[in-house]
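> So you can see what is in the structure, the chains are spelled out below.
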Amino acid sequence: MKKIGVADTTFARFDMGGAAVDELKSNGTGFKIIRYTVPGIKDLPVACKKLFEEQDCDIVIALGMPGSKPIDKTCAHEASIGLIKTQLMCNKHILEVFVHEDETDEEKTLAWLAEKRSREHAINCLNLLFKPENLTKNAGKGLREGFRDAGPLRM
Amino acid sequence: MKKIGVADTTFARFDMGGAAVDELKSNGTGFKIIRYTVPGIKDLPVACKKLFEEQDCDIVIALGMPGSKPIDKTCAHEASIGLIKTQLMCNKHILEVFVHEDETDEEKTLAWLAEKRSREHAINCLNLLFKPENLTKNAGKGLREGFRDAGPLRM
Amino acid sequence: MKKIGVADTTFARFDMGGAAVDELKSNGTGFKIIRYTVPGIKDLPVACKKLFEEQDCDIVIALGMPGSKPIDKTCAHEASIGLIKTQLMCNKHILEVFVHEDETDEEKTLAWLAEKRSREHAINCLNLLFKPENLTKNAGKGLREGFRDAGPLRM
Amino acid sequence: MKKIGVADTTFARFDMGGAAVDELKSNGTGFKIIRYTVPGIKDLPVACKKLFEEQDCDIVIALGMPGSKPIDKTCAHEASIGLIKTQLMCNKHILEVFVHEDETDEEKTLAWLAEKRSREHAINCLNLLFKPENLTKNAGKGLREGFRDAGPLRM
Amino acid sequence: MKKIGVADTTFARFDMGGAAVDELKSNGTGFKIIRYTVPGIKDLPVACKKLFEEQDCDIVIALGMPGSKPIDKTCAHEASIGLIKTQLMCNKHILEVFVHEDETDEEKTLAWLAEKRSREHAINCLNLLFKPENLTKNAGKGLREGFRDAGPLRM
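Protein chains in written order, with this note's numbering: chain A, 1 to 155; chain B, 1 to 155; chain C, 1 to 155; chain D, 1 to 155; chain E, 1 to 155.
One or more of the hints may lead you astray.
Copies of the same chain look alike in the list, so a pair counts if it fits in one copy or across any two.
[Said to hold, decoys possible] DSS-like cross-link-like pairs, simulated, lysine-lysine; straight-line CA separation at most 27 Å:
| hint | residue 1 | residue 2 |
| --- | --- | --- |
| 1 | K108 | K32 |
| 2 | K3 | K137 |
| 3 | K69 | K141 |
| 4 | K2 | K108 |
| 5 | K137 | K108 |
| 6 | K3 | K141 |
| 7 | K25 | K73 |
| 8 | K2 | K73 |
| 9 | K141 | K32 |
| 10 | K25 | K108 |
| 11 | K141 | K116 |
| 12 | K25 | K2 |
| 13 | K32 | K116 |
| 14 | K108 | K69 |
| 15 | K2 | K69 |
| 16 | K25 | K69 |
No lab work stands behind these hints, which were simulated from the structure alone.
Computed from a prediction, not measured in an experiment: that's the story for all the values here.
Bound-form chain A, shown alone (with noise of 0.2 Å):
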């Protein structure tokens, strides 16, 4: 059976990763999900890898919610960074599920698209895992996670 782990933060301001979990489970069986909460999102690299090594798991959502300040981008950018070097130090994918508080300015607002692009990157976990064919026909169509799809170039 495959498992699937869900990392997330204290920090962030939406539980994006029961958001995450509720739509794996609404969308497949034969998976286990394991959670690992952490304080920040520097914080989730070594949760991601720890999932991997010590819990076994063949794919991992990474969320948080980056904060608007300056200082804020640049610890997303080290944990990004981190996040890469993890999946090439395991071989493995990890879904990252960033929201900027900054991407739009209404409390209602974030929390929508925070759920939102949790929801449909858990879909692509399940893509990557269980139907990538499912991405390869998708190649090049401007889908995007939470805000509406951007679509093909009109030529």
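With the hints as your guide, set chains B, C, D and E onto chain A.
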């Protein structure tokens, strides 16, 4: 028989992977192509690593279309660092083919650019794999992929 | 018995390491604390690695106080990348506790912040080590270390 | 017999690799030169690694000419990080010889600079390999490659 | 007997390595010093790695003088990342001693700063190697190398 990996994304707004595959097939034989589509450019490094280590590819073309916002530039930077790291871990070339959405204003021109750059890097890929002397004889010639060659400096 | 490393600097203008040690001791038993002081934050990554590999620590708190100039921000960025890399090499958590000199104008407030953030991360450290479920139940709750919690988004 | 790798690009607008090879040949014997040309500077790190590991080179000169746009500066930064990583993986020196297209306005001057810097780093390469004492005696002397030496500080 | 590496550059405009060596010799015995000079700061990481692995050094002081242009800042950043990586690969400290050409306007003051910072880090080096307790007792004391100590925050 050599294996060429083609890694692309559902985020891109043009089927760059398809263009690369078509160009490869039009310009040679004696190799097998393996396609792998992921959600976004930050998923490309581990996708390439898997193509090398799980699919036994000899070289990979990694294609993506970063957006125009600052966060997109950061993502592209992170992906590029990861792609270089992957090459160093595997001792194999990855041709990075990124087309930035703000390289041109017109959707039509952007599509043209995405296709042209993908095809020209497919040729680079074949040269690196089968005819490295084609590259050596063009050393310092100011070649560009996509837009017009800059050409050698006028002295 | 678990071992907790506390790595700090002579550059910092407040004894953050001392605050962390005091908080650890006030909140638990059954662990040993190992202190390691280096000149600046860029010396922290290898200090943490030595705490893991030569002192057998299970987790490390790394504390520092970057200055307010652009070069200080760059140093902090380099240190953070190194701290994340260290965690990935050792498969163990490092709680990074950085207080930037320009987070507040008043020296007194800065000292208050340095102490509070160090103490709150000491609690995070104990939770990661002994009670990870304390973190999971706070997932997405908008917690902050030092200043007031942001709290969950209002929907 | 020592082996010196010369890695260059088709992107550069001057045959920097050719200049380096010529300078090496004019200044020594007892070594073999291996040339490897790739499309752009981001392809240089793995090219150097292959020169070390597959061609058994003892040192490599890596030459390129980054463009003047922000994206080109980012590429150069990524390539440099990769070149440093390569050196650390292989325990061997890579002389990075980059000439930025915006270091001067005149094409003619740029060509002069590209040639001069390539040749002066070829000498550095020979010194590192055969006469490290030549470098030690110039420690702190404010040497520059290409443009005029800055010289020691006037006290 | 302990071995201390001193890595410096021909690019620097002051003999920082010489100052460090002199300070080391004036403050202790029972160690051997190994000097290694490279062209620029980006050559320092692998130079340090060679000092550790080929010369068996226990610690290294890496000294350089980045210029004042944006490209010089980028070089210093790349070198720093490499120096941190080297430390993590070797589990040994490198004291990075960089003096930026724009830290002061006067050549004379810059020379003073380069000498002072090099000497003060030589003392840090001896403390890390022989008397780490000297650092611990100065934790959080706001020490600076070169310019005047900032001192602890006033509360």
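> Could you run down the list of hints and mark each one as holding or not?
Status of the hints after comparison with the structure:
{"no.": "1", "hint": "K108 <-> K32", "in the structure": "neither (31 Å within a copy, 45 Å between copies)"}
{"no.": "2", "hint": "K3 <-> K137", "in the structure": "both (25 Å within a copy, 21 Å between copies)"}
{"no.": "3", "hint": "K69 <-> K141", "in the structure": "between (32 Å within a copy, 19 Å between copies)"}
{"no.": "4", "hint": "K2 <-> K108", "in the structure": "neither (35 Å within a copy, 43 Å between copies)"}
{"no.": "5", "hint": "K137 <-> K108", "in the structure": "between (34 Å within a copy, 22 Å between copies)"}
{"no.": "6", "hint": "K3 <-> K141", "in the structure": "between (29 Å within a copy, 26 Å between copies)"}
{"no.": "7", "hint": "K25 <-> K73", "in the structure": "neither (32 Å within a copy, 34 Å between copies)"}
{"no.": "8", "hint": "K2 <-> K73", "in the structure": "neither (34 Å within a copy, 34 Å between copies)"}
{"no.": "9", "hint": "K141 <-> K32", "in the structure": "between (31 Å within a copy, 25 Å between copies)"}
{"no.": "10", "hint": "K25 <-> K108", "in the structure": "within (25 Å within a copy, 41 Å between copies)"}
{"no.": "11", "hint": "K141 <-> K116", "in the structure": "both (19 Å within a copy, 18 Å between copies)"}
{"no.": "12", "hint": "K25 <-> K2", "in the structure": "within (13 Å within a copy, 36 Å between copies)"}
{"no.": "13", "hint": "K32 <-> K116", "in the structure": "within (22 Å within a copy, 38 Å between copies)"}
{"no.": "14", "hint": "K108 <-> K69", "in the structure": "both (20 Å within a copy, 23 Å between copies)"}
{"no.": "15", "hint": "K2 <-> K69", "in the structure": "neither (38 Å within a copy, 36 Å between copies)"}
{"no.": "16", "hint": "K25 <-> K69", "in the structure": "neither (35 Å within a copy, 34 Å between copies)"}
The structure is inconsistent with the numbered hints 1, 4, 7, 8, 15, 16, although it conforms to all the rest.
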